[in-house]
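**Student:** Sequence:
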Amino acid sequence: MSNTAQRSAGLAERVAERWEVDPTERRDPVAAPATQPAPAATAAGEPTRRHERETPRGTVSVIVPARNEAANIGWVLNRIPDCVDEVILVDGESTDATLEMARATLPSLRIVPQQGPGKGSALRTGFLAAKGDYIVMIDADGSMSPREIPRYIHFLESGFDLVKGSRFTGGGGSLDITMLRRLGNRGLLALVNVMYQSTLTDLCYGFVAFNRNVLDQLDLRSSGFEIETEITVRALLAGLRVAEVPTLELPRRTGQSNLRTFRDGHRVLRTLLRERNGRPLGAAR
0 MSNTAQRSAG LAERVAERWE VDPTERRDPV AAPATQPAPA ATAAGEPTRR
50 HERETPRGTV SVIVPARNEA ANIGWVLNRI PDCVDEVILV DGESTDATLE
100 MARATLPSLR IVPQQGPGKG SALRTGFLAA KGDYIVMIDA DGSMSPREIP
150 RYIHFLESGF DLVKGSRFTG GGGSLDITML RRLGNRGLLA LVNVMYQSTL
200 TDLCYGFVAF NRNVLDQLDL RSSGFEIETE ITVRALLAGL RVAEVPTLEL
250 PRRTGQSNLR TFRDGHRVLR TLLRERNGRP LGAAR
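In numbering that gives the first Met the number 0, the protein residues as written are 0 to 284.
The hints are simulated quantities; they were obtained by calculation from the structure and are not laboratory data.
Just so you know, even glycine gets a beta-carbon here, dropped at the ideal spot from N, CA and C.
Among these hints, one or two may not hold up.
Claimed, not checked - Straight-line distance between alpha carbons at most 20 angstroms, and here's what the computed DMTMM-like set of lysine to aspartate or glutamate pairs gives:
1) Lys130 to Asp81
2) Lys130 to Glu99
3) Lys130 to Glu85
4) Lys130 to Asp215
5) Lys130 to Asp84
6) Lys130 to Glu274
Claimed, not checked - Ranges between beta-carbon positions, derived for each pair:
7) Asp95 to Ala128: 20 to 26 angstroms
8) Gly57 to Leu219: 18 to 24 angstroms
9) Gly238 to Thr177: 30 to 36 angstroms
10) Gly238 to Gly57: 29 to 35 angstroms
Taking the hints into account, I'd like the entire structure generated from these sequences.
**Tutor:** Next comes the structure, spelled out in structure tokens:
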């Protein structure tokens with residue numbers, strides 16, 4: 000690893016640990032509702048630390064899609080908070096020691112073989128296998144901190160149906176996004192907000208939690224990275240109560256990302272246009 004990469008990794012680690020371990024020195028995060036909250040969420044902007052530490056009323060399943068993430072998966076699983084009841088690793092036919100490392104780190108882990116190619120297929124496989132009342136999706140590369148999960152669950156228990164992480168709302172940030180990806184995300188986000196009359200601040204980011212009982216309404220079909228956009232757009236079309244919470248995106252800890260900016264950006268755009276031209280989700284099937 001180069002000196003520059005080492006300095007970047009060290010900075011990311013220090014920022015991550017501050018974000019996760021020492022919240023008393025920063026202001027409480029504020030959720031930005033993209034749709035009208037439920038009556039129980041009248042204090043939608045006040046997820047206090049007391050609430051973040053409370054035991055959820057419902058059970059929590061975390062879905063981690065992984066393919067050849069042996070060097071990263073231990074870091075992720077070691078940071079799963081106590082409020083999580085089950086962790087499901089969806090294995091995309093890993094050829095390295097991902098499964099051995101995962102089992103050694105978290106013996107209670109459930110491992111499910113991925114059905115079909117792509118991240119979307121992996122997530123849909125995990126969603127079907129999940130038993131929890133609340134489902135959280137998180138990446139296996141260390142770019143998302145599991146220690147933020149209680150904040151997402153708090154807003155689900157406050158009456159929202161779906162909670163998304165935002166890198167661009169107050170208190171959020173990214174140590175990884177390139178200028179090209181930032182511009183692409185901004186353009187696609189502007190299109191979504193116009194097309195669906197929403198007030199989202201981030202679109203192409205996959206740290207998401209939702210109530211299990213909305214899965215049928217979402218009726219997810221995507222097989223690739225565009226599933227993150229499909230989830231958001233279908234939630235808006237279905238009239239679900241959507242909120243954003245600030246999140247810190249960290250650099251992938253090791254290895255190369257499978258994200259391809261132009262290819263996946265095109266798939267996101269195609270998803271937006273397809274959903275907009277389709278019939279409303281509330282229509283009879």
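**Student:** Going straight from one Cα to the other, do Lys130 and Asp215 come out at no more than 20 angstroms?
**Tutor:** holds, 15 angstroms
**Student:** Between the alpha carbons of Lys130 and Asp84, is the straight-line distance 20 angstroms or under?
**Tutor:** holds, 9 angstroms
**Student:** Decide if the proposed pair is consistent with the structure: Lys130 and Glu99, CA atoms, cutoff 20 angstroms inclusive.
**Tutor:** Not OK: Lys130 and Glu99 at ~24 angstroms, beyond 20 angstroms, violated.
**Student:** Under the criterion that the straight-line Cα-Cα distance not exceed 20 angstroms, is the pair Lys130, Glu85 satisfied?
**Tutor:** Given that 20 angstroms is the threshold and the Cα spacing comes to 8 angstroms, the pair holds.
**Student:** Can the suggested window of 30 to 36 angstroms be confirmed for the beta-carbon pair Gly238 and Thr177?
**Tutor:** Once the Cβ atoms are compared, 34 angstroms apart, the range 30 to 36 angstroms for Thr177 and Gly238 holds.
**Student:** Check whether the Cα positions of Lys130 and Glu274 lie no farther apart than 20 angstroms.
**Tutor:** violated, 28 angstroms
**Student:** Given a hint of 18 to 24 angstroms, does the C-beta separation of Gly57 and Leu219 actually sit inside it?
**Tutor:** holds, 21 angstroms
**Student:** Take a quick look at whether Lys130 and Asp81 sit within 20 angstroms of each other, Cα to Cα.
**Tutor:** holds, 17 angstroms
**Student:** Taking 29 to 35 angstroms as the stated bounds, is the beta-carbon spacing between Gly238 and Gly57 within them?
**Tutor:** With a Cβ separation near 21 angstroms, Gly238 and Gly57 fall outside 29 to 35 angstroms, so the hint is violated.
**Student:** Okay, Asp95 versus Ala128 on CB: inside 20 to 26 angstroms?
**Tutor:** holds, 22 angstroms
In summary, the numbered hints that this structure violates are 2, 6 and 10.
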